[in-house]
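Novice: For the protein sequence lines, the chains are A and B, in the order given.
Going by numbering that gives the first Met the number 0, the first residue of the first sequence is number 0, and it counts up by one from there.
Going by numbering that gives the first Met the number 0, the first residue of the second sequence is number 0, and it counts up by one from there.
Keep in mind the hints are simulated off the structure, nothing from the lab.
Backbone N, C-alpha and C define an ideal beta-carbon position, used for all residues, glycine too.
Check each hint, because a few of them may be wrong.
What the hints assert, rightly or not - Here are a few chain A residues that face chain B, going by a calculated C-beta distance under 10 Å:
1) 138
2) 226
3) 228
4) 238
5) 260
6) 270
7) 271
8) 279
9) 347
10) 348
To be verified - If you anchor each label on the Cβ, the simulated ranges turn out as follows:
11) B:202 with A:209: 40 to 50 Å
12) B:247 with A:232: 33 to 43 Å
13) B:142 with A:225: 15 to 25 Å
14) B:244 with A:232: 22 to 32 Å
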Amino acid sequence: MKKFIIPLIILLLPTLAQAAVGATQLEGGFKVGPSIILIAILVTFVLVGIFFRAKDTTDFYAAGRSISKVGSGMAIASNWMSAASFLGMAALMYGSGYHGLAYVVGWTGGYVLLLVLMAGQIRKYGKYTAADFIGDRYYSQSMRAVGAIIAILISISYCVGQFVGIGLMFKWIMGLDYQWAVVIGGSVVLAYTLISGMLGVTKNMQIQYVIIIISFLIPLFILMFKFDYFWVLPQIGYGSVVTDVVQGVPVSDIAGMVNSMGHDFAIVPSPEYAMPWDPSTGKTFFQWMAIAFSLMIGTAGLPHVLQRFYIVPKASDARWSVVWGLFFICILYWSAPVYSALGKILSANPEVGKLAKDAIVVYTAQLGDVNPLIVGLLAAGGVSAAFSTVSGLLVAGASAFSHDLYVKVINPKASPKLQLTMARAGTILMAIIVILIAILELGLIGELVAVAFSLAGCTIFPLFLLGIWWSGSNRQGAIAGLIVGGLVSLIAILYFIAGKQGIELPFAEFIGYYLQAWYFAWIGAPLSILTNIIVSKMTAKTPLEIRKFLVEQVHS
Amino acid sequence: MNEENQFHISFFKPTTERARRNRNKVVVLVSIWAIAVFGFHFLLKAIEKPTPEPVLLEFNKVWDKVKADEASTAEMQVFAKSVLQVTGKVFIQPNHRAAFNNGLTWATFKLADSAQKVAIKEALVDFEKVAKNVEMLTDDKYQSAKSKLAALAAVPLGLNSNELIAKFLPLELRSSMMDSFSEKQKAVVAEAMPFYTIHNQSVLTDTKFLGFPFHYFYTAVFLLILFIGICWFYSYSTDRINKKLGIYE
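Take the sequences, apply the hints, and build the full model.
Specialist: Set out below in structure tokens:
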């Protein structure tokens, strides 16, 4: 391996150095350096996948058994850290200040629920997919099919935000129109998934985590050092940056520090950045709470997250992998606000113009005059974060389609070759749907991903929560609960799409506020749980064999 | 108990010692989690007080006279500086910005003497023409047109060229808005000023901790540490209880 890599690096160095010169504009044209870095990272992922690939299916599913709890945590973090974490969070804080922290809290606090309520029990239940669990626990093939369809819808919804991120980064790297960037970036991720989808073993995920986190942290240290803040621990040192934004930085205080456009490192007092639910951000207290709650229960209901716990050797490992996974995730989540705070000061001059919020991480590094190659590494890290999540989601969606829907429900006699064809067709179909939706630019990355969380919170979360913790929850209750959760989701998404298309529906203002697409689970999930309980109480008991299994296997 | 009733799982009615301990632990940890996240924010909401920025207080002192077109030179300068402070914030709604630009341009020309008016107008028109076609902000022509306008317009407003808001000034002036400041635009300015300069503050937002406003540190840093701590404690204590009760999962 070394024989190839070292000469390749030596060969590329002059090209990279030359490329660095032309990449100082915020947007600009095709950027050679970042393109090479991006390709190198993607090739590394594929090569690592090939070198560490599973020998057979059993090995594939049991990949987690040969690695440590720390390694398993890294895999969880890599699977979790998407464009929404890498690009979207800083964008939300940059645009809406303290409101953006609801996403930080929601996307991390959900792991507490996931751990104390589900992780160990899911492992003990011993199924491979969310649809498998639902079909088995609620003894219904129809529920299995519905579970699979919901898993596909969640995957699509989750992927849309990722494709927006991929589009923005491809736009930045290649200097293309956004629409073309989404199409090209989407095609690349599809090809990458088809090549490496089955290679997405745990080892690969660990390496992805390391690359993603390094590319995110290096510019942060440089920026903090450059602008004279406590750079040794930027995640604490940026407290002074936040206070500077709130109190303002006068020109006289900064002694020659400028951004890459020559503007002083200065800002007028802007308390709206840090004060809670500030009127000028247009966000309210209710929205903060609803988003945090919806994201938390959504985290504990996402099929691709729940799926991670099926493949660890024992329940204890499932629990510890959450602890380590959360720690590794938090490293990124403690760091993202630093970009938004620095970005706020560096882009404070009106001359900088209106920046695409979702690219603020990259723009902050550029405005801070960080070496263009490091900015390129950052952009490539953003694409990698999206790629690692998208390929996992597309594979999860495709397996829900081929395994849970096609083989288990439609054609149980399908040959392995036909199953594989169906999985590939499912992947391509999903990618096309996602590209078409992503082109519409319906919202910020973080907001679009939040739709998937609310959908999961209204549908999968209640089924898992009651399915594990109350043997009284039966098929009828599950169906009724799912109908209510699904109905709330449908109304919220319908009004959201209608609003985006300029169609005025009755009570649009009321529903647009209380059932907004980013947080409708705040009411959808409790209603679904309540309905499940009431209907279960009114109908026949759960079959004995299911209750016996819960007592003897899941809670033993 | 017959077999039909023997097999039942309910979180709230545990049937074994291990399940009882687990239930108690989950209830305590989820309560800590809920109070730490939602309880804190209810508290933040309960004690908040809408607090104006000093710039709004300054603006309010002179606004009535500016509105009635009876303001003195010093009062007009206070008005212009207040407006400039707000336009310097990163996100301003387009209709609000238009009204602020109108008020600022009108005030600048109102304060300028006739010679200054001619010079500022000429520099402004020239700057707008250059700015329309500029491709790079480092363009010499653009920079020199901007500096010339900044130097000329700062004089009637009493701005020091080193002040941050003086640097924004050329970007907020509009040649089409110098003659009048309509009642409609005045109403927009009156509504927009408090919108951007009143914030929900309290002892929790005003106290500093490790350089952060305390509430910001609590949410962005501490809560994440707490989540990891809860998860660690749960995993550790579950392993310990299992060991104690001789349970092998």
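Novice: Compare the structure with each hint and give your call.
Specialist: Hint by hint, here is what the structure shows:
no.: 1; hint: 138; result: violated (15 Å)
no.: 2; hint: 226; result: violated (14 Å)
no.: 3; hint: 228; result: holds (9 Å)
no.: 4; hint: 238; result: holds (3 Å)
no.: 5; hint: 260; result: holds (5 Å)
no.: 6; hint: 270; result: holds (5 Å)
no.: 7; hint: 271; result: holds (6 Å)
no.: 8; hint: 279; result: holds (5 Å)
no.: 9; hint: 347; result: holds (6 Å)
no.: 10; hint: 348; result: holds (7 Å)
no.: 11; hint: B:202 with A:209: 40 to 50 Å; result: holds (42 Å)
no.: 12; hint: B:247 with A:232: 33 to 43 Å; result: holds (41 Å)
no.: 13; hint: B:142 with A:225: 15 to 25 Å; result: holds (24 Å)
no.: 14; hint: B:244 with A:232: 22 to 32 Å; result: violated (41 Å)
Of the numbered hints listed earlier, those contradicted by the structure are 1, 2 and 14.
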